[in-house]
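Work out the full structure: start from the sequences and follow the hints.
Chains as they are written, first to last, in the numbering used here: chain A, 2 to 115; chain B, 3 to 115.
None of these hints come from the bench; they were simulated from the model.
Keep in mind the model is a prediction, meaning the values are calculated, not measured.
Hints are not guaranteed to be accurate.
[Claimed, not checked] With a Cα cut of at most 30 Å, we get these calculated BS3-like pairs of lysine-lysine:
1) A/56 <-> B/102
2) A/42 <-> A/67
3) A/65 <-> B/102
4) A/21 <-> A/56
5) B/63 <-> A/42
6) A/42 <-> A/21
7) A/56 <-> A/67
8) A/42 <-> B/102
9) B/51 <-> A/42
10) A/21 <-> B/102
The primary structure of each chain is shown beneath.
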Amino acid sequence: GAVVSQHPSRVICKSGTSVKIECRSLDFQATTMFWYRQFPKQSLMLMATSNEGSKATYEQGVEKDKFLINHASLTLSTLTVTSAHPEDSSFYICSVGENTGELFFGEGSRLTVL
Amino acid sequence: AQSVTQPDIHITVSEGASLELRCNYSYGATPYLFWYVQSPGQGLQLLLKYFSGDTLVQGIKGFEAEFKRSQSSFNLRKPSVHWSDAAEYFCAVGHPGNEKLTFGTGTRLTIIP
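Spelled out as structure tokens, the structure:
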């Protein structure tokens, strides 16, 4: 299956700053990537679908101006948390599908906003 | 809308004992079903999946799951657990033509000696 890598794995930032998380599909050209968010001891919630060369599709309740997604190439999608606040602290995980119905996940990025 | 229920938040099992993790889903047609495992601070690894065909599916690490349409269930089993199986387990449902997955709330598995 697809190999997915995220960077950084951990990031700590001050409140009000912006943080960018990268998701790379290392061996598969992904036209679509998915961004999930996971609060401590909770399940994964789909935030948005990243579409290569076009706008991301956000799930209901997710602020698109807060969570900027860019999918400029078939191997890279980025999630930028703008003007981060402590409530944005979470584990962010991206995934790639190979059009088989199965998803392959990155290692996740833990964001801590002070 | 599709949904997934994992009734057990936390399960403790002795090493070497058998394991069954429950998963129930709600979906209008035959879904795609998945079990993923997550170690602390890590991403998700696919254990097994069901798309169609044989309702008993084998996965990695000695896990298996059985799709029971009549019960809307897809329970995960392992005959003998190892200490390394301690992790969080997520059941997920998807459907043909759409790669969005809906996850259950997860079951934390603790292994005791």
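How the hints compare with the structure:
The suggested pairing of residue 56 of chain A with residue 102 of chain B holds, with an alpha-carbon distance near 17 Å, which does not exceed 30 Å. Distance check on the hinted pair: residue 42 of chain A and residue 67 of chain A sit about 23 Å apart at the alpha-carbon level, within 30 Å; holds. For the hint pairing residue 65 of chain A with residue 102 of chain B, the CA-to-CA distance comes to about 18 Å; that is within 30 Å, so the pair holds. Proposed proximity of residue 21 of chain A and residue 56 of chain A is supported: the alpha carbons are some 17 Å apart, at most 30 Å.
The straight-line distance between the Cα atoms of residue 63 of chain B and residue 42 of chain A is roughly 24 Å, inside the 30 Å bound, and the hint therefore holds. For the given pair, residue 42 of chain A sits about 24 Å from residue 21 of chain A by alpha-carbon distance, which is consistent with the 30 Å threshold. Among the hinted pairs, residue 56 of chain A with residue 67 of chain A is consistent with the structure: their alpha-carbon atoms are about 14 Å apart, no more than 30 Å. Pair hint residue 42 of chain A plus residue 102 of chain B holds up; C-alpha atoms about 21 Å apart against a cutoff of 30 Å.
For the proposed pair residue 51 of chain B and residue 42 of chain A, the alpha carbon gap of about 23 Å is at most 30 Å, so the pair holds. Taken as a hint, the residue 21 of chain A and residue 102 of chain B pair is honoured in the structure, with Cα atoms around 23 Å apart against an allowance of 30 Å.
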